[in-house]
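Q: The residues making up each chain are set out below.
2 protein chains.
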Amino acid sequence: MTGGARDRRVNRAIEERRDRVNEAIDDELPVEPPERLYEAARYLLEAGGKRLRPAMLLMAGEAIADVPPGSTDYRSFPDRQGGSVDLMVAAVSVEIVHLFTLIHDDIMDEDDLRRGVPAVHRAYDTKTAILAGDTLYSKAFEVMLRTGAPDDRSVRALDSLARTCTEICEGQAMDIGFEEGDAVGVSEYLSMIERKTAVLYGAAAALPAVLLGTDESVRRALYQYGVDVGRGFQIQDDVLDLVMSSDAIGKRRGSDLIEGKQTLITVHAREAGVDVDGLVEGAAEAVSDADIEAAVATLDEAGSIDYARETAREFVESGKAELEVLPDNDAKDLLADVADYLIERDH
Amino acid sequence: MTGGARDRRVNRAIEERRDRVNEAIDDELPVEPPERLYEAARYLLEAGGKRLRPAMLLMAGEAIADVPPGSTDYRSFPDRQGGSVDLMVAAVSVEIVHLFTLIHDDIMDEDDLRRGVPAVHRAYDTKTAILAGDTLYSKAFEVMLRTGAPDDRSVRALDSLARTCTEICEGQAMDIGFEEGDAVGVSEYLSMIERKTAVLYGAAAALPAVLLGTDESVRRALYQYGVDVGRGFQIQDDVLDLVMSSDAIGKRRGSDLIEGKQTLITVHAREAGVDVDGLVEGAAEAVSDADIEAAVATLDEAGSIDYARETAREFVESGKAELEVLPDNDAKDLLADVADYLIERDH
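The listed protein sequences correspond, in order, to chains A and B.
Sequence positions in the first sequence follow the working numbering and run 11 to 357.
Sequence positions in the second sequence follow the working numbering and run 11 to 357.
Same shape as in the complex, but just chain A (with noise of 0.2 Å):
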């Protein structure tokens, strides 16, 4: 298939799942008393976001199930040993996750704007936002306790998510170490990432497995392709923010190089004996667009976007490597496309 097809076929699968998905967010967290606390909650849902996380979840339970995609009610999804579990609710409490994550990382970056909009704490306040992540998190442990799945799986998926949302906090951590200035190798940095980004897409993806009763090895296996999916995504989004038109992402370009926030590319860059502090030097305002082609040039020059590109690419093709333990079907292409789509997009 041309990649143009493949990513008109990933996008209109990743959009069905998310209409879905949104629609079961809404009967999963409503808006209860006390009002101005679910609705801070739910306010970053309104702005938009792709549902990458639960549409990987689905996809994965599709593979596992080896049903056609988009032929089976989430709600009521058949398991390996004759059962049912809503694999839906499961997928909502992953989006759940990566919500209360955005909202408080955007206080502790100081982060204004998400997804076009005030982030929660400038919409509201910031003890509003530190309350309504925090409900968010005791949400998704109770969303994930209504899958109807047995009760061994349960406590696995339950395990699961406790560990991931650990981890996710692990990985903030050492952001924030990172961005105080603490040295960085390569190594550390992608273990960073894989704790701060790409735990959770290896939970989404593995989470089926679990709660549908698969062996052992295939749940691993699909931990390890959304981890190295997600790991790949997370580079490439570096990648972006310096090769891509501000309006193409949404954000001012070479942002990450003007707040001084460490990336692969940074990293490789320092290494091969670039002065990245000096790369980009000032408050955002005195920094021209001059100033940050000239920073991408150098860090080109130096192979650290090359690399940072090749690094993705080999994250994603050692995830799509692991999807091998699953029966052949389309679902499983699908996710292999998704990968693909993940760092070839654009935005």
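Calculated directly from the structure, the hints in this document are not laboratory data.
Same chains, same label: a pair holds when it works inside one copy or across any pair of copies.
Below 27 Å or equal to it, Euclidean Cα-Cα: the simulated DSS-like pairs (lysine-lysine) are:
1) K261 to K137
2) K330 to K60
3) K137 to K271
4) K60 to K261
5) K60 to K271
Chain B: place on chain A using the hints.
A: Only chain B this time, still in chain A's reference frame:
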């Protein structure tokens, strides 16, 4: 037993459990990389705390199992079916939830001191404090998964934990709403403290019933015991803020009045026609001890302090009555004494 002898007995019972809980926290929540994160998460533990909730949980387990208090290894505690569970990790999990709420509440309430030391967001910084709380949050779930109880009981324990955390957030949101001037009646105030404070006592008392596999009637009664005692405890806290010396309570007498915080006393006084907002005016520095003395006298004349004391007493009596479902034993007596102790304590 006289009040003095009873208080010594209760104190000793709480302290014995506290020491074992502290050891278990060290085991279950070690400092791991990234160290600064886990140090921040553990920081308040070093500053003290009575570990009241874990103590109540352990005592409830002893009462259910009908074993002499302190006689039985909490790590391998007999259940009702001839098996054993680790009751101590459940106690640790509940304390971790409490710790997480302290850290985030101090950020939200902009409190600089906790347990006589700087709050985590002062000792470290706000982003580390947010993240330390978030890490404790998922750790509480991870730890609760280590009881070794059969999966059906683990699922119910996690469900209880998740619902409790959601309710605590709802209570805190209501409390923030009250501070921002929402009109508050007695029933709303009681509903707030039920969520913010009492449900965690309810969970602590009820979790052994879930984990040891008792009848639902026992679980429900112990939950209600914990909730009632927790409400009494919170109301007594509000009373102590007014009637004790600054030295005895470790913060300035009348600080709730100075901060404009709603308590059962001010809610009652307002309904009795007292101009509560005019009782203490101006910045904390401008308020004299005589101002506080006069405000307390006004609240006393309105009958509001007696009303709060009586309400706390009623909750505690109602909570103690729930203990009827338990076999007669020393641990049951201890639970009754703890209830009295919590509203008769003078600090």
